[in-house]
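Engineer: Sequence:
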Amino acid sequence: MRGLLYALIPLLAAGLVTPASAAVTKPPEKATFEVMTPASTVASRTDRRPNAGGVYDPVARKTFISWSGKAADSYVQAYDHRAGTWTPPKKIADGESDPHNYPTMLLAGDGHLLIFRGMHNTRTVISRAPLAHSLDGTWTATEVAAGDSASYPMPVKTVDGTLFLFYRETTNELDPAANSDFRPMKYLVSRDNGKTWKNSVQLTGKPWAFGSLGRADHMDEIYVGQLRYLPASGRIQFVYTLAGGGPTQHKHDVYHRNVYYLSFDVRTLRFFSAAGRDLGTQVDDAEQERYLKVAETPLELPGGLKSPDYILQVGTQRDGKPFVTWFQFDAAGSPRDFAGAWNGRNWEIREVANGLRLREIEPLNGGTWRVYGTRDGQPNIETFLLENGRLWKPETVITTPKPVQRVEVISGFRDPARILATGASSARDVSVADGDIYVVGTPRK
Numbered sequence: 001m002r003g004l005l006y007a008l009i010p011l012l013a014a015g016l017v018t019p020a021s022a023a024v025t026k027p028p029e030k031a032t033f034e035v036m037t038p039a040s041t042v043a044s045r046t047d048r049r050p051n052a053g054g055v056y057d058p059v060a061r062k063t064f065i066s067w068s069g070k071a072a073d074s075y076v077q078a079y080d081h082r083a084g085t086w087t088p089p090k091k092i093a094d095g096e097s098d099p100h101n102y103p104t105m106l107l108a109g110d111g112h113l114l115i116f117r118g119m120h121n122t123r124t125v126i127s128r129a130p131l132a133h134s135l136d137g138t139w140t141a142t143e144v145a146a147g148d149s150a151s152y153p154m155p156v157k158t159v160d161g162t163l164f165l166f167y168r169e170t171t172n173e174l175d176p177a178a179n180s181d182f183r184p185m186k187y188l189v190s191r192d193n194g195k196t197w198k199n200s201v202q203l204t205g206k207p208w209a210f211g212s213l214g215r216a217d218h219m220d221e222i223y224v225g226q227l228r229y230l231p232a233s234g235r236i237q238f239v240y241t242l243a244g245g246g247p248t249q250h251k252h253d254v255y256h257r258n259v260y261y262l263s264f265d266v267r268t269l270r271f272f273s274a275a276g277r278d279l280g281t282q283v284d285d286a287e288q289e290r291y292l293k294v295a296e297t298p299l300e301l302p303g304g305l306k307s308p309d310y311i312l313q314v315g316t317q318r319d320g321k322p323f324v325t326w327f328q329f330d331a332a333g334s335p336r337d338f339a340g341a342w343n344g345r346n347w348e349i350r351e352v353a354n355g356l357r358l359r360e361i362e363p364l365n366g367g368t369w370r371v372y373g374t375r376d377g378q379p380n381i382e383t384f385l386l387e388n389g390r391l392w393k394p395e396t397v398i399t400t401p402k403p404v405q406r407v408e409v410i411s412g413f414r415d416p417a418r419i420l421a422t423g424a425s426s427a428r429d430v431s432v433a434d435g436d437i438y439v440v441g442t443p444r445k
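Counting from 1, one number per residue, gives the positions in the sequence shown under the numbering used here.
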């Protein structure tokens, strides 16, 4: 053994042998993608987050997707993996001409598809498919009283079938005395496949789940960019930014500020910082500033744009620690792209790229994630590999006929239906719906 050690020492010094503790996971082979177009010139502008746009059903052996069409109406489609064919678009519900009223989709434990919509600042509506593992038939719609004054629904199904639906409440719709820039996060819980629901106030007795009230800069609105459920730990990760009127006024969404991370235990309903600090069943501003802040950003409008953007992403490193990605704008209004990795003591922040709107991230292996990004006014989706929230490498370009506005990894995906990419419409108003619907994946073998 001593002789072997002496023989290895010069090799180690020369870099010809890598100690096991320093081994780097070999990056995945460069992917090749194919693009399907389930529907053409039908998508309107949408404010949808990268969450629950579609789901693969292993029983039906079909991928189901949802998207916003003209007037923000909700549509669904299905891809049959055996036949390699798409169903035509099926309208599920009216969108009331508001781009905030986008659909999100889950497959409940009883096999029925559910569509969730937060009807901007007013109510939560859930549409349910009449048949299990199918889009067929007339869907039923139910208003959930426990989810009043809701926007931006983010549904999660846990391993035991419990459904969580996180949403942002517009409090002054319920209490006219509340400021227009006080909008905290709450959630709903169902343990019977979406038939009945209780909200976080009923479950914990707390007035909100996480948020702030009374900040001097009036940044008391929460914009969650993404949540991610980790089945092994029973935690849901969040990354978010703040919004509000700024220090001189109470006004909705004039400025954005800062980046924050927290996690939520689905069994105990308690929140935690990246360092593992137990924050209880409600998080307030003092806690988010002390324990949850990833990055401090200036209170300004660079190039006239709100910065950071509200689309952010969250993932985990190889050792289970979190990382987040986001983009903010420079004075010329061009995106600058950042990654922040938790090292156990603090957040290591790097500017990893520029000019990209970061849309979504996908776990690959060994702490390596694929990042999907777009460039304003240009077609195509560019992909990059991000290792442990630190090392950034270009990967490939997914060619699309027209620009893309949203990208979402399909839950439990099966290729060739890996991501849902919503094409950009030519106008902001949802009376115009001329974007394409793309589904992208690696070719079937």
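No lab work stands behind these hints: they were computed from the structure. Backbone N, C-alpha and C define an ideal beta-carbon position, used for all residues, glycine too. A few of these clues could be false.
Unchecked claim - Label pairs and their calculated CB-CB ranges: (1) Asn343 <-> Thr399: 33 to 39 Å; (2) Asp429 <-> His250: 24 to 30 Å; (3) Gly161 <-> Gly280: 24 to 30 Å; (4) Gly344 <-> Thr399: 28 to 34 Å.
Engineer: If a hint holds in the structure, say so; if it does not, say that too.
Structural biologist: Hint check:
1. Roughly 37 Å separates the CB atoms of Asn343 and Thr399, a value that falls within the hinted 33 to 39 Å.
2. Distance hint for Asp429 and His250: a CB-CB separation of about 27 Å, consistent with the stated range 24 to 30 Å.
3. Between Gly161 and Gly280 the beta carbons are some 26 Å apart, a value that agrees with the proposed interval 24 to 30 Å.
4. The given range of 28 to 34 Å is broken by Gly344 and Thr399, whose C-beta atoms sit roughly 41 Å from each other.
Comparing the model with each numbered hint stated earlier shows that hint 4 is the single one that does not hold.
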